[in-house]
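1 is the number of the first residue of the sequence shown in the working numbering; add one for each residue after it.
Keep in mind that the hints are not guaranteed to be accurate.
[What the hints assert, rightly or not] List time: in silico SDA-like cross-link candidates among lysine to any residue, alpha-carbon distance up to 20 angstroms:
no., residue 1, residue 2
1, 85, 13
2, 85, 160
3, 81, 174
4, 75, 198
5, 156, 93
6, 85, 219
7, 85, 198
8, 156, 91
9, 200, 139
10, 81, 156
11, 157, 89
12, 81, 192
13, 148, 79
[As the list claims (entries may be wrong)] Pair by pair, the computed Cβ-Cβ distance ranges are:
no., residue 1, residue 2, range
14, 202, 92, 44 to 54 angstroms
15, 25, 165, 30 to 40 angstroms
16, 201, 144, 46 to 56 angstroms
17, 159, 187, 19 to 29 angstroms
18, 183, 144, 19 to 29 angstroms
19, 89, 141, 23 to 33 angstroms
20, 165, 28, 54 to 64 angstroms
21, 156, 114, 35 to 45 angstroms
By construction, these hints were calculated from the structure, which means they are not laboratory data. Cβ coordinates follow ideal geometry from the N, Cα and C atoms, glycine included.
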Amino acid sequence: MIIILITFFAFLIPVGIYLWREWKKNKDKEAKEGLVPKKKEPLSIAGLVRVSVLLFIMAVPIYFFSDLPYSYYPKDDGLLKIAFKHSGTRVADCDEADLIKKEGDRYRQQLKDTRQVRMSIEKLAKCPRERNPVVIELFIDGQKVLDKSYSPTGLKKDMASYIYDEFPVPPGVHSFRVLLYDTGRKDTPAYALDEKSVVKPREVKVVWFSDKADALILE
1 MIIILITFFA FLIPVGIYLW REWKKNKDKE AKEGLVPKKK EPLSIAGLVR
51 VSVLLFIMAV PIYFFSDLPY SYYPKDDGLL KIAFKHSGTR VADCDEADLI
101 KKEGDRYRQQ LKDTRQVRMS IEKLAKCPRE RNPVVIELFI DGQKVLDKSY
151 SPTGLKKDMA SYIYDEFPVP PGVHSFRVLL YDTGRKDTPA YALDEKSVVK
201 PREVKVVWFS DKADALILE
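Put together the whole structure using the sequences plus the hints.
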């Protein structure tokens, strides 16, 4: 229904603009030439019927085609989704908590000794916040189907990476292996998932990251 309305207004608006411009052009011409405006003619019922039929003919195919179901994947296949967010490690090894603790200790000691001291936050300002991208490798039945890097979000690239991908999987028993790297290197994965699972027709399996369990989960 929304598509029909959009199509209708997409057709109606340009027609309305065109008719308004023609009307304005005629009015300006009459005013310039000093012509007496013509008496308004009654609206043609036949013209309205023709326009209505034309709009109906345009709208009906759009309605039926937009209502037809469509699937990008074979209808009997299952689907594996990888969907979660995860924060990579800091690009520079900079422990803000440790810096704050050290600066606080220094502040308290100097305050005790001199009674005049200012806390310096220059070191904290120089602590880079950028994070490494998260890299995901996915193997289905031993075959690598994904090896992708997901960039961190945020203006300073200091927020989590959002991971989303999906893969059609034929029904049956399959082995899934997911490797997650978040340190900027691919020597050793930070998290790994190795699991066999039965995939039913049209079933959706999801790989996600549980912060509570600190592990990748397949369900």
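Evaluation of the provided hints:
{"no.": "1", "hint": "85 with 13", "in the structure": "violated, 43 angstroms"}
{"no.": "2", "hint": "85 with 160", "in the structure": "holds, 6 angstroms"}
{"no.": "3", "hint": "81 with 174", "in the structure": "holds, 14 angstroms"}
{"no.": "4", "hint": "75 with 198", "in the structure": "holds, 17 angstroms"}
{"no.": "5", "hint": "156 with 93", "in the structure": "holds, 16 angstroms"}
{"no.": "6", "hint": "85 with 219", "in the structure": "holds, 16 angstroms"}
{"no.": "7", "hint": "85 with 198", "in the structure": "violated, 25 angstroms"}
{"no.": "8", "hint": "156 with 91", "in the structure": "holds, 12 angstroms"}
{"no.": "9", "hint": "200 with 139", "in the structure": "holds, 19 angstroms"}
{"no.": "10", "hint": "81 with 156", "in the structure": "violated, 28 angstroms"}
{"no.": "11", "hint": "157 with 89", "in the structure": "holds, 11 angstroms"}
{"no.": "12", "hint": "81 with 192", "in the structure": "holds, 16 angstroms"}
{"no.": "13", "hint": "148 with 79", "in the structure": "holds, 19 angstroms"}
{"no.": "14", "hint": "202 with 92: 44 to 54 angstroms", "in the structure": "holds, 47 angstroms"}
{"no.": "15", "hint": "25 with 165: 30 to 40 angstroms", "in the structure": "violated, 56 angstroms"}
{"no.": "16", "hint": "201 with 144: 46 to 56 angstroms", "in the structure": "violated, 25 angstroms"}
{"no.": "17", "hint": "159 with 187: 19 to 29 angstroms", "in the structure": "holds, 25 angstroms"}
{"no.": "18", "hint": "183 with 144: 19 to 29 angstroms", "in the structure": "holds, 20 angstroms"}
{"no.": "19", "hint": "89 with 141: 23 to 33 angstroms", "in the structure": "holds, 31 angstroms"}
{"no.": "20", "hint": "165 with 28: 54 to 64 angstroms", "in the structure": "holds, 60 angstroms"}
{"no.": "21", "hint": "156 with 114: 35 to 45 angstroms", "in the structure": "holds, 36 angstroms"}
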